[in-house]
Amino acid sequence: MTTITPTSERSSFVWLFFDTLAVTKRHILKITRVPESLFFSLIQPVMFVLLFAFVFGGAINVGPGGAQSYREYLIPGIFAQTVMFATAGITVAISYDAQLGIMDRFRSLPMSPGAVLGGHTLANLVQNILVLVVLSITGFAVGWRIHGSIADAATAYVLMGLFAYAVTWIGAWVGLKMPNPEVASTAGLAWLFPLTFASNIFTPVSTMPGWLQPIALWNPVSCIALSARKLFGNPTPGLGSTFPETHTVLLTFIYAVAIIAIFAPLAVRAFKQNSSGGKA
Amino acid sequence: MTKAIVASGLTKHFGDVKALNGIDLEVEQGTVVGLLGPNGSGKTTTVRILSTLLKADSGSATVGGIDVASHPDDVRKVIGLTGQYAAVDNYLTGRENLELFGRLFHLSKSEAKVRAAELLERFDLEDAADRGIKGYSGGMRRRLDLAASLIGNPSVLFLDEPTTGLDPRSRQGMWDVIEGLVAEGTTVLLTTQYLEEADQLASRIVVLDHGSVIAQGTSDELKNQVGGDRIELIVTHSEDLARAEETLKPLASGATVVEEAIRKVLAPVSGGSRAIVDAVRRLDEANIDIADIALRRPTLDDVFLSLTGHVAEDAEVGPKKPGRRGGRGGKK
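Sequence order for the protein chains is H and D. Quick note: the first sequence uses numbering that gives the first Met the number 0, first residue 0, plus one each step. Quick note: the second sequence uses numbering that gives the first Met the number 0, first residue 0, plus one each step.
Just so you know, the hints here were simulated from the structure itself, not pulled from any lab data. Be careful, since some hints might not be right.
[Said to hold, decoys possible] Counterexamples of contact, computed for chain H against chain D with all Cβ distances above 12 Å:
1) Phe12
2) Phe39
3) Leu124
4) Arg144
5) Ala152
6) Pro236
7) Ser240
8) Pro264
[Unchecked claim] Computed footprint of chain D on chain H, listed as stretches where at least three residues anywhere in the stretch have a Cβ under 8 Å from a Cβ of chain D:
9) 25-31
10) 89-101
[To be verified] Distance condition first, Cα-Cα at most 27 Å in a straight line; then the derived DSS-like pairs of lysine-lysine:
11) H:Lys271 x D:Lys54
12) H:Lys271 x D:Lys17
13) H:Lys176 x H:Lys271
14) D:Lys76 x H:Lys271
15) D:Lys133 x H:Lys29
16) D:Lys108 x D:Lys76
17) D:Lys133 x H:Lys24
18) D:Lys222 x D:Lys2
19) D:Lys133 x D:Lys108
20) D:Lys133 x D:Lys112
21) D:Lys248 x H:Lys24
22) H:Lys176 x D:Lys17
23) D:Lys248 x D:Lys222
24) D:Lys248 x D:Lys263
25) D:Lys108 x H:Lys24
26) D:Lys54 x D:Lys76
27) D:Lys2 x D:Lys112
28) D:Lys112 x H:Lys29
29) D:Lys108 x H:Lys29
30) H:Lys24 x D:Lys17
31) D:Lys54 x D:Lys108
32) D:Lys54 x D:Lys17
33) H:Lys229 x H:Lys29
34) D:Lys263 x D:Lys222
35) H:Lys176 x H:Lys24
36) D:Lys54 x D:Lys112
37) H:Lys29 x H:Lys176
38) H:Lys271 x H:Lys24
39) H:Lys176 x D:Lys248
Since the structure is predicted, the reported quantities are computational estimates derived from the model, not experimental observations. Where a beta carbon is used, it is the ideal one built from N, C-alpha and C, also for glycine.
Using the sequences provided together with the hints, build the complete structure.
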């Protein structure tokens with residue numbers, strides 16, 4: 000029998016890094032074991048692109064280019080929608096971990112408490128990046144083009160990655176707060192629908208009723224979509240001069256950082272307190 | 000002897016439900032203590048507090064001499080926990096699971112590999128080591144789960160209903176493994192609903208009901224508390240019942256009981272096997288036909304029934320289980 004000597008000399012920050020990597024590896028392995036799950040997480044946004052581009056696209060007018068300019072308008076919106084809905088997956092996955100007792104096992108180990116969620120969110124980011132790549136290719140196939148500079152395009156992708164990573168922390172927090180995976184799968188979508196659709200992702204804010212416009216303008220989902228449209232050089236019909244329309248990229252960045260700053264500690268705290276077993 | 004686990008006055012509420020009502024508990028190093036009680040009696044809550052998963056409302060506890068409330072991280076370095084669910088990742092192989100938990104226990108990469116291989120061999124999982132555990136049997140999953148809780152070579156092991164849902168053969172296998180660990184000096188706190196399991200594994204038994212300790216002692220002490228041996232006699236002819244009872248009365252140390260429907264007479268006795276020889280002789284002299292006679296020791300079921308007024312497996316009794324996690328993934 001080997002003698003067990005946990006090497007504790009490393010600082011807690013270093014352990015957070017190593018433990019997060021170990022948990023991320025778990026989730027990446029999982030993706031390779033169930034490729035179907037990755038496949039369907041790719042298929043869904045692709046279907047959205049095709050549906051909106053060809054079925055609804057003709058009815059929504061965003062400019063002189065007709066259907067073509069709507070497709071260019073649409074793709075950044077789909078990017079935003081996709082990274083938002085990817086959070087529902089993490090909500091359910093975390094709830095299953097809690098129900099199956101795996102969270103308890105993690106919590107009974109002398110590991111870094113932030114690493115379980117760190118690993119979950121990081122693996123989700125990897126999956127999101129894959130999805131963004133596939134979506135970009137699909138978008139290209141239906142006529143979406145990048146008109147801006149390479150640097151701007153790169154900024155758009157980095158910003159989308161950061162935003163995607165930020166919102167998964169909301170999903171993680173919701174997952175920890177829900178009593179079981181069944182509820183989590185409903186709750187994980189419940190907050191997404193209003194937030195995602197009261198935005199400019201499919202239609203310009205200027206077409207909405209007056210009371211809704213400021214909400215939609217300041218909505219972080221609108222901001223990430225508008226940021227991407229601006230950086231890719233895609234149509235931005237009805238662009239006004241309010242702060243979220245003039246400082247969109249900055250605001251999106253602030254939103255992403257703020258979401259992480261609020262929800263990462265909330266989620267880690269929920270993880271630490273979460274006594275998911277609860278059986279007496 | 001040193002105490003591996005000491006708890007005093009632990010209380011815990013879940014909303015309106017009082018789950019623990021002031022639990023005192025001591026476990027000597029290198030021994031097995033069984034926490035016995037029906038659902039909702041506070042067994043799991045006690046284990047969750049001692050294994051740092053839950054904070055008590057009041058009271059204090061140390062594990063391995065370390066305070067669970069103030070130094071949970073240090074406690075986690077010396078404990079292993081196996082819950083009611085096989086807490087392993089279904090999509091990973093057995094080896095990957097163990098290596099993951101080893102890494103998270105902060106073993107080096109090579110140590111985690113060696114330790115995983117050791118445990119797979121010890122728990123007879125070598126052949127299945129590199130298969131996804133989706134295909135494992137219930138017994139194999141529990142063994143892997145137990146192996147995972149041993150990854151850090153813990154000195155104190157918490158086993159929360161380790162054999163619930165297992166078939167008799169797998170259960171016996173788990174018992175052998177647990178006995179082996181104790182022989183090596185591991186301290187075990189075990190919760191169970193199976194009286195037989197507590198009887199088999201635990202050197203001391205603590206009986207919980209409604210969040211309080213209602214009795215404790217060795218299995219024999221608890222049985223003696225209920226009463227000593229009893230003679231169970233079944234007569235061939237029901238007309239002999241009254242005479243049989245009269246014949247056994249002089250031997251009985253307490254009140255005799257007659258169950259007419261099954262032609263049975265119960266007589267508490269002291270003196271063990273002498274009493275039954277006596278009884279047979281007297282019945283023979285009285286010309287009573289014996290269908291069956293036996294000297295029966297009280298079982299822990301009798302103990303439980305007499306202490307709580309209900310049987311151990313009675314899930315309806317006691318407060319509703321608090322907290323989350325519905326029925327799914329539970330006892331199968």
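Here's how the hints hold up against the structure:
1. Phe12: Since the minimum Cβ distance to chain D is about 14 Å, Phe12 of chain H lies beyond 12 Å and the statement holds.
2. Phe39: Its Cβ never comes within 12 Å of chain D, the nearest being 16 Å, so this holds.
3. Leu124: Correct as stated: the minimum Cβ-Cβ distance to chain D is 19 Å, above 12 Å.
4. Arg144: Its Cβ never comes within 12 Å of chain D, the nearest being 39 Å, so this holds.
5. Ala152: Its Cβ never comes within 12 Å of chain D, the nearest being 35 Å, so this holds.
6. Pro236: Given that every Cβ of chain D is farther than 12 Å from that of Pro236 of chain H, nearest at about 45 Å, it holds.
7. Ser240: holds (49 Å)
8. Pro264: The claim stands: Pro264 of chain H keeps its Cβ more than 12 Å from every Cβ of chain D (closest is about 18 Å).
9. 25-31: holds (count 3)
10. 89-101: Answer holds; 5 residues pass the 8 Å Cβ test.
11. H:Lys271 x D:Lys54: Since the Cα atoms of Lys271 of chain H and Lys54 of chain D sit roughly 10 Å apart, the hinted pair holds (cutoff 27 Å).
12. H:Lys271 x D:Lys17: holds (22 Å)
13. H:Lys176 x H:Lys271: holds (12 Å)
14. D:Lys76 x H:Lys271: holds (17 Å)
15. D:Lys133 x H:Lys29: holds (12 Å)
16. D:Lys108 x D:Lys76: Given that 27 Å is the threshold and the Cα spacing comes to 18 Å, the pair holds.
17. D:Lys133 x H:Lys24: holds (19 Å)
18. D:Lys222 x D:Lys2: holds (25 Å)
19. D:Lys133 x D:Lys108: holds (25 Å)
20. D:Lys133 x D:Lys112: Distance ~21 Å between Lys133 of chain D and Lys112 of chain D Cα, so the pair holds.
21. D:Lys248 x H:Lys24: violated (73 Å)
22. H:Lys176 x D:Lys17: With a Cα-Cα distance of about 22 Å, the restraint between Lys176 of chain H and Lys17 of chain D holds, given a limit of 27 Å.
23. D:Lys248 x D:Lys222: Measuring from Cα to Cα gives roughly 22 Å; hence the hint holds.
24. D:Lys248 x D:Lys263: holds (14 Å)
25. D:Lys108 x H:Lys24: holds (13 Å)
26. D:Lys54 x D:Lys76: holds (18 Å)
27. D:Lys2 x D:Lys112: violated (33 Å)
28. D:Lys112 x H:Lys29: holds (20 Å)
29. D:Lys108 x H:Lys29: holds (20 Å)
30. H:Lys24 x D:Lys17: Roughly 41 Å between the alpha carbons, so the hint for Lys24 of chain H and Lys17 of chain D is violated.
31. D:Lys54 x D:Lys108: Outside the cut-off at roughly 32 Å; violated.
32. D:Lys54 x D:Lys17: Holds: Lys54 of chain D and Lys17 of chain D sit about 14 Å apart, inside 27 Å.
33. H:Lys229 x H:Lys29: Violated - the C-alpha atoms of Lys29 of chain H and Lys229 of chain H are around 36 Å apart, more than 27 Å.
34. D:Lys263 x D:Lys222: Holds - the C-alpha atoms of Lys222 of chain D and Lys263 of chain D are around 22 Å apart, at most 27 Å.
35. H:Lys176 x H:Lys24: Roughly 25 Å separates the two Cα atoms, so the pair holds.
36. D:Lys54 x D:Lys112: violated (33 Å)
37. H:Lys29 x H:Lys176: Holds, because 24 Å separates the two Cα atoms, which is no more than 27 Å.
38. H:Lys271 x H:Lys24: holds (22 Å)
39. H:Lys176 x D:Lys248: It is violated: about 64 Å lies between the C-alpha atoms, which goes past 27 Å.
Comparing the model with each numbered hint stated earlier shows that hints 21, 27, 30, 31, 33, 36, 39 do not hold.
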